[in-house]
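To convert, note that position 70 of the sequence shown is 70 in UniProt numbering; the numbers rise steadily by one, no gaps.
A portion of the hints provided could be inaccurate.
As the list claims (entries may be wrong) - No more than 30 angstroms apart at the CA atoms, straight line, and that leaves these computed lysine-lysine pairs for DSBU-like:
hint: 1; residue 1: K221; residue 2: K392
hint: 2; residue 1: K392; residue 2: K70
hint: 3; residue 1: K364; residue 2: K263
hint: 4; residue 1: K278; residue 2: K65
hint: 5; residue 1: K263; residue 2: K101
hint: 6; residue 1: K263; residue 2: K8
hint: 7; residue 1: K102; residue 2: K152
hint: 8; residue 1: K392; residue 2: K215
hint: 9; residue 1: K278; residue 2: K70
hint: 10; residue 1: K101; residue 2: K221
hint: 11; residue 1: K44; residue 2: K278
hint: 12; residue 1: K152; residue 2: K365
hint: 13; residue 1: K70; residue 2: K263
hint: 14; residue 1: K102; residue 2: K8
hint: 15; residue 1: K278; residue 2: K364
hint: 16; residue 1: K101; residue 2: K70
hint: 17; residue 1: K364; residue 2: K392
hint: 18; residue 1: K365; residue 2: K65
hint: 19; residue 1: K215; residue 2: K65
hint: 20; residue 1: K102; residue 2: K278
hint: 21; residue 1: K102; residue 2: K44
hint: 22; residue 1: K364; residue 2: K101
hint: 23; residue 1: K212; residue 2: K364
hint: 24; residue 1: K8; residue 2: K44
hint: 25; residue 1: K392; residue 2: K263
hint: 26; residue 1: K364; residue 2: K65
hint: 27; residue 1: K212; residue 2: K70
hint: 28; residue 1: K101; residue 2: K8
hint: 29; residue 1: K221; residue 2: K70
hint: 30; residue 1: K263; residue 2: K102
hint: 31; residue 1: K212; residue 2: K8
hint: 32; residue 1: K365; residue 2: K212
hint: 33; residue 1: K364; residue 2: K152
hint: 34; residue 1: K278; residue 2: K263
To be verified - Computed spacing ranges between beta-carbons, pair by pair:
hint: 35; residue 1: R177; residue 2: G155; range: 21 to 29 angstroms
hint: 36; residue 1: G56; residue 2: T298; range: 32 to 40 angstroms
hint: 37; residue 1: D389; residue 2: V184; range: 29 to 37 angstroms
hint: 38; residue 1: T292; residue 2: E39; range: 40 to 48 angstroms
hint: 39; residue 1: E39; residue 2: I180; range: 26 to 34 angstroms
hint: 40; residue 1: F63; residue 2: Y24; range: 43 to 51 angstroms
Keep in mind that the hints were calculated from the coordinates and are not lab data. Ideal Cβ placement from N, Cα and C applies to all residues, glycine included.
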Amino acid sequence: MSYHANEKGYYGEFGGAFIPEMLYPNTEELRQNYIRIMEEPSFKEEFDQLLQDYVGRPTPLYFAKRLSEKYDTKIYLKREDLCHTGAHKVNNTIGQILMAKKLGKNRIIAETGAGQHGVATATVCALAGIECVVYMGEIDIARQAPNVARMKMLGAEVRPALSGSRTLKDATNEAIRDWINNPVDTHYIIGSVVGPHPYPDMVARFQSVISKEIKNQLLEKEGRENPDYVVACVGGGSNAAGAFYHFLDTPEVGIIAVEAAGKGIDTGESAATSALGKIGIIHGSKTLLMQTNDGQITEPYSISAGLDYPGVGPMHAHLFQSGRAEFISITDDEAMTSGLALCQLEGIIPAIESSHAFAILEQKKFSPSDVVVINLSGRGDKDLQNYIDYFKL
1 MSYHANEKGY YGEFGGAFIP EMLYPNTEEL RQNYIRIMEE PSFKEEFDQL
51 LQDYVGRPTP LYFAKRLSEK YDTKIYLKRE DLCHTGAHKV NNTIGQILMA
101 KKLGKNRIIA ETGAGQHGVA TATVCALAGI ECVVYMGEID IARQAPNVAR
151 MKMLGAEVRP ALSGSRTLKD ATNEAIRDWI NNPVDTHYII GSVVGPHPYP
201 DMVARFQSVI SKEIKNQLLE KEGRENPDYV VACVGGGSNA AGAFYHFLDT
251 PEVGIIAVEA AGKGIDTGES AATSALGKIG IIHGSKTLLM QTNDGQITEP
301 YSISAGLDYP GVGPMHAHLF QSGRAEFISI TDDEAMTSGL ALCQLEGIIP
351 AIESSHAFAI LEQKKFSPSD VVVINLSGRG DKDLQNYIDY FKL
């Protein structure tokens, strides 16, 4: 069994492109060209150069000595928090802005929840001198004010989504509407491994630089390319897709995906899609989705603005259903406690999204000889107010 997308964009039974006819030309243009463009030597060269000189790659693989001592196992952190803009998101936006230029697009739209993808998109649009419009839920605009300011400083227009729950799902709906109305000159930079084919596969390919580096760095540090476990948080799931990518077809590497249980799986305030989801269609792809019995999407909840998505990318839905990955749900309280522990054990303030991944160390026992790589997907600057409020600092 392969865990990568087939030519129609399916991972097992998940994926595909379920889109209105008006979007067909946009996605079809991308589908026909994305692999060809990504394999062009000139594209690869420019992409790799920008990742190195602009983003700051390769990011370090850091042996967390005190964390390892506490949990009696070997823990390495993949330091995506050290990327320019503060998270892994920029790996994908660099790739997609180069793709948009190759396709002759001169306007970019994006959606964002926590604001990290919006900042990363605004950043590459400034770099390329291309117009940028970012859709963001009105509620997220209020709770992620520093990121909104950053986007505006970078020259982007931030448009509030005022419908529905006024969060990420609604921002995505608005972005799709914009794209339908502006099919010729506009490229939609989707920020995660979600949406219609070819987006989940294209974003995963751009993010796969994470696992490629992990293999090279582990060879140097441990004398072997493969860890025993690789761990990442999953909302839509692009940081996880990147961290898992080169290990998907290596069964001896354990894959652990960590979801946001919010206030608890059964509280009605959760974003644990693997536990609560049923097969459905959201934003153009067939996947696991939190929904009511009559198919209405239920509102997700997480203390982390980047994990409160009601679905999960089709790659992850397939990893869950096939049993290739172990899915663990972590509550707000467990995530916040683990985030603070990382601050005080290693001197690193993680994004709350990433804190969820660290919380599994309290739940799952690893052996002393295990090599466990945790993807530290973002830094906690954007979440300081949440930390302050939660711990009454």
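Against the structure, the hints:
1. At roughly 39 angstroms between alpha-carbon atoms, K221 and K392 are farther apart than 30 angstroms, so this suggested pair is violated.
2. Distance restraint check for K392 and K70: the Cα-Cα separation of roughly 26 angstroms lies within the 30 angstroms cut-off, and the hinted pair is therefore satisfied.
3. Straight-line distance between C-alpha atoms of K364 and K263 comes to about 20 angstroms, which keeps the hinted pair within the 30 angstroms bound.
4. Between K278 and K65 the CA atoms are separated by roughly 40 angstroms; this puts the pair beyond 30 angstroms, and the hint is violated.
5. Only pairs whose Cα atoms come within 30 angstroms are accepted, and K263 paired with K101 is rejected, the gap being roughly 43 angstroms.
6. For the hint pairing K263 with K8, the CA-to-CA distance comes to about 37 angstroms; that exceeds 30 angstroms, so the pair is violated.
7. Between K102 and K152 the CA atoms are separated by roughly 26 angstroms; this keeps the pair inside 30 angstroms, and the hint holds.
8. Proximity of K392 to K215 is assessed by CA-CA distance (about 40 angstroms); at most 30 angstroms being required, the pair is judged violated.
9. Pair hint K278 plus K70 does not hold up; C-alpha atoms about 38 angstroms apart against a cutoff of 30 angstroms.
10. Simply put, K101 and K221 have alpha-carbon atoms about 38 angstroms apart, too far for the 30 angstroms limit, and the pair is violated.
11. The suggested pairing of K44 with K278 is violated, with an alpha-carbon distance near 38 angstroms, which exceeds 30 angstroms.
12. Of the pairs offered as hints, the one joining K152 and K365 is violated, with about 45 angstroms between alpha carbons and a cut-off of 30 angstroms exceeded.
13. For the hint pairing K70 with K263, the CA-to-CA distance comes to about 26 angstroms; that is within 30 angstroms, so the pair holds.
14. Our distance criterion of 30 angstroms between C-alpha atoms is met by K102 and K8, whose separation comes to about 23 angstroms.
15. Taking the CA atoms of K278 and K364, the gap is near 26 angstroms; set against the 30 angstroms cutoff, the hint holds.
16. Of the supplied pair hints, the one linking K101 and K70 is violated, its CA atoms being roughly 48 angstroms apart against a limit of 30 angstroms.
17. Distance check on the hinted pair: K364 and K392 sit about 29 angstroms apart at the alpha-carbon level, within 30 angstroms; holds.
18. Taking the CA atoms of K365 and K65, the gap is about 17 angstroms. The hint holds against a cut of 30 angstroms.
19. Pair hint K215 plus K65 holds up; C-alpha atoms about 20 angstroms apart against a cutoff of 30 angstroms.
20. With a CA separation close to 38 angstroms, the supplied pair K102 and K278 exceeds the 30 angstroms bound.
21. This hinted pair checks out: K102 and K44 have alpha carbons roughly 12 angstroms apart, not beyond 30 angstroms.
22. Under the criterion of a C-alpha separation no larger than 30 angstroms, the hint pairing K364 with K101 is inconsistent with the structure, at around 45 angstroms.
23. Proximity of K212 to K364 is assessed by CA-CA distance (about 26 angstroms); at most 30 angstroms being required, the pair is judged to hold.
24. Between K8 and K44 the alpha-carbon distance is near 24 angstroms, which keeps this suggested pair within the 30 angstroms criterion.
25. For the proposed pair K392 and K263, the alpha carbon gap of about 19 angstroms is at most 30 angstroms, so the pair holds.
26. Between K364 and K65, the direct Cα distance comes to roughly 18 angstroms. Compliance with the 30 angstroms bound is thereby established for this hinted pair.
27. About 28 angstroms separates the Cα atoms of K212 and K70, which keeps this hinted pair within 30 angstroms; it holds.
28. Taking the CA atoms of K101 and K8, the gap is near 24 angstroms; set against the 30 angstroms cutoff, the hint holds.
29. Distance restraint check for K221 and K70: the Cα-Cα separation of roughly 21 angstroms lies within the 30 angstroms cut-off, and the hinted pair is therefore satisfied.
30. Pair hint K263 plus K102 does not hold up; C-alpha atoms about 45 angstroms apart against a cutoff of 30 angstroms.
31. Between K212 and K8, the direct Cα distance comes to roughly 25 angstroms. Compliance with the 30 angstroms bound is thereby established for this hinted pair.
32. Distance hint between K365 and K212 is fulfilled; the C-alpha atoms sit about 26 angstroms from each other, no more than 30 angstroms.
33. For the proposed pair K364 and K152, the alpha carbon gap of about 42 angstroms is over 30 angstroms, so the pair is violated.
34. Between K278 and K263 the alpha-carbon distance is near 20 angstroms, which keeps this suggested pair within the 30 angstroms criterion.
35. In this structure the supplied range 21 to 29 angstroms holds for R177 paired with G155, their Cβ-Cβ distance being about 23 angstroms.
36. Between G56 and T298 the beta carbons are some 39 angstroms apart, a value that agrees with the proposed interval 32 to 40 angstroms.
37. For D389 and V184, the hinted distance range of 29 to 37 angstroms is not satisfied, since their beta carbons lie about 45 angstroms from each other.
38. With their beta carbons about 43 angstroms apart, T292 and E39 fall inside the hinted range of 40 to 48 angstroms.
39. At about 30 angstroms, the CB distance of E39 to I180 agrees with the hint of 26 to 34 angstroms.
40. With their beta carbons about 49 angstroms apart, F63 and Y24 fall inside the hinted range of 43 to 51 angstroms.
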